[in-house]
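For the record, the sequence lines run as chains V and P.
Sequential numbering from 0 applies to the first sequence in numbering that gives the first Met the number 0.
Sequential numbering from 0 applies to the second sequence in numbering that gives the first Met the number 0.
In short, the hints are calculated from the structure, not lab data.
Hints should not be assumed to be uniformly reliable.
Claimed, not checked - To give an idea of the interface, some chain V residues facing chain P are shown, with a C-beta separation under 10 Å as derived from the structure:
hint, residue
1, A111
2, N113
3, D117
4, V221
These figures come from a predicted structure and were not determined experimentally.
Even glycine gets a Cβ: it sits at the ideal position worked out from N, Cα and C.
2 protein chains.
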Amino acid sequence: MSVHRDKLEQAVALLREKDLDCWMMLDRESGTMGQSDPSLDLWLPTTIIGLTVFMITKEGEAYAVVANYDVENLASTGLFTKVVGYELDIREQLLPLLQELDPARIGLNYSADNFTADGLKYGLRLKLEELLSGTPYLERLTTAEDVVSALRGRKVAREVDLLKAACQTTAQIWDALTDYLRPGITEMDAMKFIHQKCDELGVQTGWDRRWCPGITAGPESVAGHNAPSATLKLQEGTLFSIDFGVKQDGYVSDLQRTWYLPSASQPQPPAEARQAGEVVRRAIRAAKDAMRPGMHGYEIDAIARSTLVEAGYPEYKSALGHQVGQGAHDGGVVLGPRDWPRYAKISAGMLEVGNVFTLEPGAKTSIGRYGAEEMVVVTEQGAEWLIAPQEEIWLANPHR
Amino acid sequence: MSVHRDKLEQAVALLREKDLDCWMMLDRESGTMGQSDPSLDLWLPTTIIGLTVFMITKEGEAYAVVANYDVENLASTGLFTKVVGYELDIREQLLPLLQELDPARIGLNYSADNFTADGLKYGLRLKLEELLSGTPYLERLTTAEDVVSALRGRKVAREVDLLKAACQTTAQIWDALTDYLRPGITEMDAMKFIHQKCDELGVQTGWDRRWCPGITAGPESVAGHNAPSATLKLQEGTLFSIDFGVKQDGYVSDLQRTWYLPSASQPQPPAEARQAGEVVRRAIRAAKDAMRPGMHGYEIDAIARSTLVEAGYPEYKSALGHQVGQGAHDGGVVLGPRDWPRYAKISAGMLEVGNVFTLEPGAKTSIGRYGAEEMVVVTEQGAEWLIAPQEEIWLANPHR
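Chain V extracted, bound-state conformation (with noise of 0.2 Å):
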């Protein structure tokens, strides 16, 4: 068994729950240009060339309507219950299946709001419609949003494993990264380091290599997406947080810690900075506990930024968390404001088992960030760590 036949399996369960009878999707040169809808790299472990109508149906059975010499490929996978090549034109053989299966409710990856559910291409699309003119499956077509989220949302026991795989190799990195942290290197002297560290251990970063791990040093840094400073040079007596992550056999993690430059005169955190993070840890916790299934996205980032605002902290301008799988950002349900537009939508849905958040408030001091992101599985008592939270400022360089 591997996880993508796990998934395939939940995939099935989820088209019954759903009451979808079929799961169309369709690609092509998605080995060239990646896949270009992230869902099939959930349970499809290789990609195609030829332009392909992959089929997955409430019985269980999975077909791959493909060009000639992307056949074997896909075959080799042991996951389809038939794969149909084709030499000269797909419809040939699309349609006799389509009459052979004859679902009543089709579902395509589609979705304004969910950008995890949102794999179709437009032109796609409308290939679709010429393929299907004149047939009954036209209008049998419906999104698969609902599969799509829960199938992304709701990890397997091996996805959690591997979750917390990725999590504990991004600890090692913090570890190593205390040692080098010293004032006098620039930002990218530790972007660059944490890159080498990744080599090492044969992970790729959690995400665009060219802005993670973000960096944000000292009260100067310019926190966001954005590459660290080569100029800027970490100080004594200042903060250091890093977001960072990486992707290790398929899946990410996606984590925030944070130093403190100690100086001859303050070896230890300010006041001020002690305290910025006692608040960020209250409300990731208070959040935490109050994670169970059914609960709305919107409930939970309520609980953490109350708990900010309430200490006399500004809100903070994002959302408290996500969900982190094969993406970064994963999953449907967001922890974010129910009253930002940007956030309407996809912060009214429920907490289910097997979503795995972020929790990531944060707080702005006079000598830097104080970022924090923790990682959690919803379970049915709860909430659990995928691994042990921050619970102090750590100190930078004690060695030396």
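Knowing the structure of chain V, use the given hints to seat chain P on it.
The following block gives chain P in isolation, referenced to the frame of chain V:
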């Protein structure tokens, strides 16, 4: 100047040529899952997280309407006239900007048949309809396929240089492979050797690492887009061919070369293999000699195809060639037979100056496949090799 700015300027010229007022691109989370619209990588050296609308006008202005946390990152590219950040709702920033620009024809990236012009997700198309509802812009939307195809297909000088550099790196790996190849190693051993060389040289494979290189060792090997065999061993007296390329500085090579493994009784390739090689090379040269701006893709395919058939070899079951650029399969026009439905539309286009094509007919023999794939760039006068073509079958492991 950078290749990105070159391409942005070319895009503006193409908007004028193709009579579009504005080229609009939508994306989100391209930093976690990779650009979902492949056209963005042509001119944008970064990725974004939040829902983003890019607009390039035929007046030469570039705009981005973007989540607040992506502003700094986009502004730092120096490519934009204006980067407009939004905090809550993209509509509040997008509509005033559209009213200011008031474009009469707005091109979007979609195409039923040309995958490189099919960047827009179907859900994002629905999102755009939602954002523009009640405005006059909804009915001004059309496809930007012509602009996108030409922008990807017409390589600027800097792109041709980058493609040549990728070819040179590939040749370095061929040289190493010539010394390494010997009877008894498996196809998988050869792949591992090639991957190790890529890692040493700091380049990626040209396409999905799982089947780059594609390897055909001897007569039993399965050709096509599948992984090399871990059990099939190279044998004396057989042909060994690879379909391989690297990705270096964002640009790809895609080339095939064939070696012969000498045996004591047959130290040189037998006549059958030499003859197959000569016919394949003659087909490539005839196709190359015929290439001119304005020729149709299917005309070039027909020349090589008939060369093989007239020499008594079967037709290849694919196209003669495709374009190469940032992807191993790139650009709109393909050199394929026009009477095959899957090539009908894409082989009807015309060659343009700056197009980079592969020419890759092949022939089976009783001792394995003679695979050849060359890369050429179309100029005003004809076509030029990007790297010297293979002129005879190479001998493996000559120093043993």
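Have a go at the A111 (chain V) hint: is there a Cβ in chain P nearer than 10 Å to its own Cβ?
holds (4 Å)
Restraint satisfaction for N113 (chain V) [CB to CB of chain P, less than 10 Å]:
For N113 (chain V), the interface hint holds, since the closest Cβ of chain P sits about 8 Å away, which is under 10 Å.
Taking the least C-beta to C-beta distance, is V221 (chain V) closer than 10 Å to chain P?
Holds - the Cβ of V221 (chain V) comes within 10 Å of chain P, reaching about 6 Å at its closest.
Satisfaction of the D117 (chain V) interface hint, Cβ to chain P closer than 10 Å:
OK, holds: D117 (chain V) within 10 Å of chain P, min 3 Å.
Figure legend: structure checked against the earlier numbered hints; every hint is met.
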